[in-house]
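Number of protein chains: 2
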Amino acid sequence: MTIAGYRYHDDTLPEAAITLEELELMKEATLLGDGDIAALRRSAPILEPQIDEILDVWYGFVGSKPFLVAHFSDAKTGAPIPEYMDRVRARFGHWIRDTAAAEYDEAWLRWQLEIGRRHHRVGKNKTDHVESTALIPLRYLPLLAQPIVDTLRPFLEADGDDRDAVDAMQNAWRKAVLLQATLWSHPYVKEGDY
Amino acid sequence: MTIAGYRYHDDTLPEAAITLEELELMKEATLLGDGDIAALRRSAPILEPQIDEILDVWYGFVGSKPFLVAHFSDAKTGAPIPEYMDRVRARFGHWIRDTAAAEYDEAWLRWQLEIGRRHHRVGKNKTDHVESTALIPLRYLPLLAQPIVDTLRPFLEADGDDRDAVDAMQNAWRKAVLLQATLWSHPYVKEGDY
Numbered sequence: 012m013t014i015a016g017y018r019y020h021d022d023t024l025p026e027a028a029i030t031l032e033e034l035e036l037m038k039e040a041t042l043l044g045d046g047d048i049a050a051l052r053r054s055a056p057i058l059e060p061q062i063d064e065i066l067d068v069w070y071g072f073v074g075s076k077p078f079l080v081a082h083f084s085d086a087k088t089g090a091p092i093p094e095y096m097d098r099v100r101a102r103f104g105h106w107i108r109d110t111a112a113a114e115y116d117e118a119w120l121r122w123q124l125e126i127g128r129r130h131h132r133v134g135k136n137k138t139d140h141v142e143s144t145a146l147i148p149l150r151y152l153p154l155l156a157q158p159i160v161d162t163l164r165p166f167l168e169a170d171g172d173d174r175d176a177v178d179a180m181q182n183a184w185r186k187a188v189l190l191q192a193t194l195w196s197h198p199y200v201k202e203g204d205y
Numbered sequence: 012m013t014i015a016g017y018r019y020h021d022d023t024l025p026e027a028a029i030t031l032e033e034l035e036l037m038k039e040a041t042l043l044g045d046g047d048i049a050a051l052r053r054s055a056p057i058l059e060p061q062i063d064e065i066l067d068v069w070y071g072f073v074g075s076k077p078f079l080v081a082h083f084s085d086a087k088t089g090a091p092i093p094e095y096m097d098r099v100r101a102r103f104g105h106w107i108r109d110t111a112a113a114e115y116d117e118a119w120l121r122w123q124l125e126i127g128r129r130h131h132r133v134g135k136n137k138t139d140h141v142e143s144t145a146l147i148p149l150r151y152l153p154l155l156a157q158p159i160v161d162t163l164r165p166f167l168e169a170d171g172d173d174r175d176a177v178d179a180m181q182n183a184w185r186k187a188v189l190l191q192a193t194l195w196s197h198p199y200v201k202e203g204d205y
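So the protein lines, in turn, are chains A and B.
Going by this note's numbering, 43 is the number at position 32 of the first sequence; the sequence numbering is gapless.
Going by this note's numbering, 76 is the number at position 65 of the second sequence; the sequence numbering is gapless.
Isolated chain A, as found in the complex (with noise of 0.2 Å):
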């Protein structure tokens, strides 16, 4: 299946603005190991049959805050544009997956800097031609972590795990997750303070 707008291990993507080595520094600034990529991959198969009821939930949450669901939304009317949503959807939804895989080689750095550069106004609404907000505010960027890897919990409790067992992939989520939205801030932030 294609998933539009879907660009990981796209050669044509702009080469990554920071290093290899720059990366490995910030793993080990926020304490990402190889033990968290072990927990990660465990949780890929617990979270790939419950991909669409995780969306459901990330999604339900998003649409309950208004300064949230307005950056779904058309700029001039403000009604959520479904289409979008959809399209976002279908690329969040393997996220997971690519969040799972944690793979931390060039093409997945040069992919997280532009699903960064998609959340920043340099890129936002253009991959799916949508008139949407200009884009979202840097701040919620490290914000979301939160509930991201909060409501992960109990699809990571699915396949019965004991409870250090899911505190392991669920921590080595929030590492996982608060790096990556770590990188999606390169285009916010001004020139030689990243």
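Think of the hints as simulated: they come from the structure by calculation, not from any bench.
Hints may contain errors.
Where chains are identical, the list cannot tell them apart; a pair therefore holds if satisfied intra-copy or between any two copies.
[As the list claims (entries may be wrong)] Heads up, simulated SDA-like pairs for lysine to any residue below, C-alpha to C-alpha not over 20 Å straight-line: (1) K137 x D85; (2) K135 x A145; (3) K201 x E125; (4) K38 x W69; (5) K38 x V188; (6) K201 x A145; (7) K38 x Y70; (8) K201 x R18; (9) K201 x D67; (10) K38 x T162; (11) K38 x V160; (12) K135 x K201; (13) K137 x D21; (14) K137 x R102; (15) K201 x V133; (16) K135 x D204; (17) K38 x K76; (18) K76 x T30; (19) K135 x T23; (20) K201 x V141; (21) K38 x W122; (22) K38 x F72; (23) K38 x D21; (24) K76 x E32; (25) K38 x V80; (26) K76 x L31; (27) K137 x L24; (28) K135 x G203.
Let chain A serve as the given structure and place chain B on it in line with the hints.
What follows is chain B alone, placed relative to chain A:
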């Protein structure tokens, strides 16, 4: 005891660049609610007698990472500046108390934005009259929330609370630190993009 450069509740600080209404939306986005405020305040008397040990752990972490300790070091020689580290440490100790007090009012908001300026090139080094790096790169603000809150775990357990109660305190700390790191990011972000 006077802590050099500590200015929470100082009316001469610049006005906050965001409103209390915006702060409420940020709390909502990161699911920081009344239960978390109660959990933060429950942690206060548990952490109070352990503040020095907590700072030892955090300074140990930073000290073990050359790319982090650089920001406490002389920009020319690269040598750590002990007086700078000591002055920041005294404020960091009080920051633990202030985070656990969880008073999200105007004075708190102004102080958070001042802390942000002191991480950014507009304010770094000035309070302590040092010549260290020009700024702490934006990327490390959200990322360092993770080791701060991870390493807090054994200290939150010190009073023998059960696992659910410790989880609640730790999760509240997670939200509180993420909220603050996000506020501290303000001076780094391009006009209109925060």
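Each hint tested on the structure:
| no. | hint | in the structure |
| --- | --- | --- |
| 1 | K137 x D85 | within (13 Å within a copy, 45 Å between copies) |
| 2 | K135 x A145 | within (7 Å within a copy, 31 Å between copies) |
| 3 | K201 x E125 | both (18 Å within a copy, 18 Å between copies) |
| 4 | K38 x W69 | between (25 Å within a copy, 17 Å between copies) |
| 5 | K38 x V188 | both (11 Å within a copy, 18 Å between copies) |
| 6 | K201 x A145 | both (18 Å within a copy, 14 Å between copies) |
| 7 | K38 x Y70 | between (28 Å within a copy, 18 Å between copies) |
| 8 | K201 x R18 | neither (26 Å within a copy, 27 Å between copies) |
| 9 | K201 x D67 | neither (35 Å within a copy, 33 Å between copies) |
| 10 | K38 x T162 | between (23 Å within a copy, 16 Å between copies) |
| 11 | K38 x V160 | both (18 Å within a copy, 16 Å between copies) |
| 12 | K135 x K201 | both (18 Å within a copy, 16 Å between copies) |
| 13 | K137 x D21 | within (17 Å within a copy, 45 Å between copies) |
| 14 | K137 x R102 | within (15 Å within a copy, 45 Å between copies) |
| 15 | K201 x V133 | both (14 Å within a copy, 12 Å between copies) |
| 16 | K135 x D204 | between (22 Å within a copy, 12 Å between copies) |
| 17 | K38 x K76 | between (31 Å within a copy, 12 Å between copies) |
| 18 | K76 x T30 | between (36 Å within a copy, 18 Å between copies) |
| 19 | K135 x T23 | within (18 Å within a copy, 39 Å between copies) |
| 20 | K201 x V141 | neither (27 Å within a copy, 24 Å between copies) |
| 21 | K38 x W122 | within (17 Å within a copy, 29 Å between copies) |
| 22 | K38 x F72 | between (28 Å within a copy, 14 Å between copies) |
| 23 | K38 x D21 | neither (24 Å within a copy, 36 Å between copies) |
| 24 | K76 x E32 | between (38 Å within a copy, 14 Å between copies) |
| 25 | K38 x V80 | between (31 Å within a copy, 16 Å between copies) |
| 26 | K76 x L31 | between (36 Å within a copy, 17 Å between copies) |
| 27 | K137 x L24 | within (15 Å within a copy, 41 Å between copies) |
| 28 | K135 x G203 | between (23 Å within a copy, 15 Å between copies) |
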